[in-house]
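Novice: Spelled out, the chains give:
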Amino acid sequence: EAGVVQSPRYKIIEKKQPVAFWCNPISGHNTLYWYLQNLGQGPELLIRYENEEAVDDSQLPKDRFSAERLKGVDSTLKIQPAELGDSAVYLCASSLGGSVSVPGELFFGEGSRLTVL
Amino acid sequence: AQKVTQAQTEISVVEKEDVTLDCVYETRDTTYYLFWYKQPPSGELVFLIRRNSFDEQNEISGRYSWNFQKSTSSFNFTITASQVVDSAVYFCALSGNTPLVFGKGTRLSVIA
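These protein sequence lines are chains A and B, in that order. Going left to right, the first sequence walks through residues 1 to 117 as the working numbering numbers them. Going left to right, the second sequence walks through residues 1 to 112 as the working numbering numbers them.
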């Protein structure tokens, strides 16, 4: 069974440019997460989807970040415009069912490493 | 607020040594879940274990074992007879009534 697939693996852009990351979760997983991981830190949640609905986006900087999950499957995370401080790894994860109070096992992709120059 | 502290930033051991990774957590929730994930150089986080707050039984899985002590709010992870393939960053994480909160991780280097 295929795992969580993310693309691109690496992206280098200049500041003020837009960038988008794509995630294909494990088939059948209704919950999808985007995490931000800075160097030397643990992942931090940006947004969580239950099917198509964003149920927790409180940590998403909405002035420049946006996300969507069309048809409750694939998801895209966009940054526009990118800033130097956005350089990090963006991780996508999915889980089968579960909730905040009874979390399921999260399966992570390999991440998209963004470098903003 | 939920908080996970992994005080050990980096640990180096020689192959076949045992090593314990510490995890201390803070939560006001009475029901919560604790996790350990492994992040090898390839980048993806690999799930290792999930325990709920009502199950304080220690668990052993091959060379891995976990010691959950509610009295000290700790959920430590021990690798017995470490191998080079164990080299990775290990994250402890906590979920109560909020989404998963990760510690900063412990980088384990196992030297042949």
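Honestly, the hints are just simulated from the structure, not real lab data. Cβ atoms here follow ideal geometry from the backbone N, Cα and C, with glycine treated the same way. There's no promise every hint is true.
Claimed, not checked - Lysine-lysine pairs mimicking DSSO-like chemistry, simulated, CA-CA at most 27 angstroms apart:
#1 A:11 - B:3
#2 A:71 - A:15
#3 B:70 - B:104
#4 A:11 - B:38
#5 B:70 - B:3
#6 B:38 - A:62
#7 A:62 - B:104
#8 B:3 - B:38
#9 B:16 - A:78
#10 A:15 - A:78
#11 B:38 - B:70
#12 A:11 - A:78
#13 B:16 - B:38
#14 B:38 - B:104
#15 B:104 - B:3
Claimed, not checked - Quick look at which bits of chain A chain B covers, simulated, 3 or more residues with Cβ under 8 angstroms:
#16 30-44
#17 65-72
Novice: Against the structure, test the hints numbered earlier, and report the numbers of the ones violated in rising order.
Specialist: 1, 2, 6, 9 and 17
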